[in-house]
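J.: Please model the complete structure; the sequences and the hints are all you need to start from.
Protein chains: 2
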Amino acid sequence: MIDISVPDIVVGRLPLYLRSLQKMSQEGQQVTSSQELGEVLGISAAQIRKDLSQFGEFGKQGTGYNIEYLVEQLQKILNVDRVWDVVVVGAGDIGSALARYQGFANRGFRVTMVFDSDPNKIGKQEGSHIIQDSALIVDVIKKAGVKIAMIAVPASQAQKVANQLIEAGVKSLLNYAPTSISVPKDTHLQHIDPAIHLQHMTYYLD
Amino acid sequence: MIDISVPDIVVGRLPLYLRSLQKMSQEGQQVTSSQELGEVLGISAAQIRKDLSQFGEFGKQGTGYNIEYLVEQLQKILNVDRVWDVVVVGAGDIGSALARYQGFANRGFRVTMVFDSDPNKIGKQEGSHIIQDSALIVDVIKKAGVKIAMIAVPASQAQKVANQLIEAGVKSLLNYAPTSISVPKDTHLQHIDPAIHLQHMTYYLD
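Line by line, the protein sequences are chains U and E. Per my numbering, residue 1 is the first one in the first sequence, and the count goes up by one each step. Per my numbering, residue 207 is the first one in the second sequence, and the count goes up by one each step.
Calculated directly from the structure, the hints in this document are not laboratory data. One or more of the hints may lead you astray.
[Claimed, not checked] No farther apart than 30 Å at their CA atoms in a straight line, the calculated lysine-lysine pairs in the DSS-like style are these:
| id | chain 1 | residue 1 | chain 2 | residue 2 |
| --- | --- | --- | --- | --- |
| 1 | E | K229 | U | K185 |
| 2 | U | K23 | E | K327 |
| 3 | U | K121 | E | K330 |
| 4 | E | K391 | U | K23 |
| 5 | E | K391 | U | K50 |
| 6 | E | K327 | U | K121 |
| 7 | E | K330 | U | K124 |
| 8 | E | K256 | U | K185 |
T.: Pasting the structure below:
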């Protein structure tokens, strides 16, 4: 079902569709339409239909989408019909918030390890995790086979940590450090930097 | 200089260019090229030249870009040649991390107020801020004239808080709650949801 040729920008919208559909489902709704979904998300109904049509036929004309079925299909397409282990590197404010974050439940992820290089933090409890020594990243993560990591260290350390994670076999990095990092072609990288988002919006402010 | 017709996807790349240029500048570098910038960012040199050309002539053929000048120009274009006041609503893990976040310095923003609805938190110190009562959002923010807010409340409260912020005159919302929210056409909205970014990447994982 997965077509390697689907543009990345389309792939990037699927999690938004899934989140909205899961919310509708939790609220007891059973059927929706591309119109309704579009209004919730600020995306045109035509765009949603076109995006979904790249992966199959999910609705019948006139009757809309069965939400439960579409949720299941999107979870399969996005490979979140399972639970992925995720490591957090950096137990500062942001790393701690991520280690305790409740928003991953039912969305395919659970944080299983937290690392920091600060001797005062190593061995301490963070949420339900014991903070481990960053010096052990390569060994511990390789052994555990974890493929996904969130980087929440200072900008100056981000590239070094990314290199260690990649050496450990991690293939998906979510970088919270406010800096660019370089990764090999087979590693997926996304950034979360609030200043980037805010600057995008101040462009439009007077 | 600002052209209203520039596509939003181009605008969204400018903060990435600015961040990389500021890093180069801090490291003492004076000149760069679209090739070098492209390698750092994983964006083609042609795309960078095309994006920048929408706003003017910033480099001479063969000599590259003067970093300090390009930083100044991008700051003007993005309206971050000033410092914007930003409010944080929600003093949980994420809101607290945002209130103390060091990554806004030199990037055009400072957090000036933090709100929460929990009586146990109101009046307490969070970083350099006293947590204020969310019931006062409309009055306090209207009086202060703040235009930018970050929402870090539970998903169930996000729409209500967004409505209050909009009533208070806020025009740019950065939403950390893991839910869609609806805003009027003249309000800018961006989302930060780590599960969305992770699901985008698990699409490509086996």
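J.: Run the distance test for K256/E versus K185/U: straight-line Cα separation, threshold 30 Å.
T.: holds (24 Å)
J.: Holds or violated: are the alpha carbons of K121/U and K330/E at most 30 Å from each other?
T.: holds (25 Å)
J.: Does K327/E lie within 30 Å of K23/U when you go C-alpha to C-alpha?
T.: holds (29 Å)
J.: Taking 30 Å as the top limit, are the C-alpha atoms of K327/E and K121/U close enough?
T.: holds (25 Å)
J.: Do the alpha carbons of K391/E and K23/U lie within 30 Å of each other, as the hint requires?
T.: holds (23 Å)
J.: Would the hint linking K391/E and K50/U be met if the CA-CA limit is 30 Å?
T.: holds (24 Å)
J.: Holds or violated: are the alpha carbons of K229/E and K185/U at most 30 Å from each other?
T.: Answer holds: K229/E to K185/U is near 23 Å, not above 30 Å.
J.: Taken at face value, is the distance from the CA of K124/U to the CA of K330/E at most 30 Å?
T.: holds (25 Å)
The earlier numbered hints are all upheld by this structure, with none contradicted.
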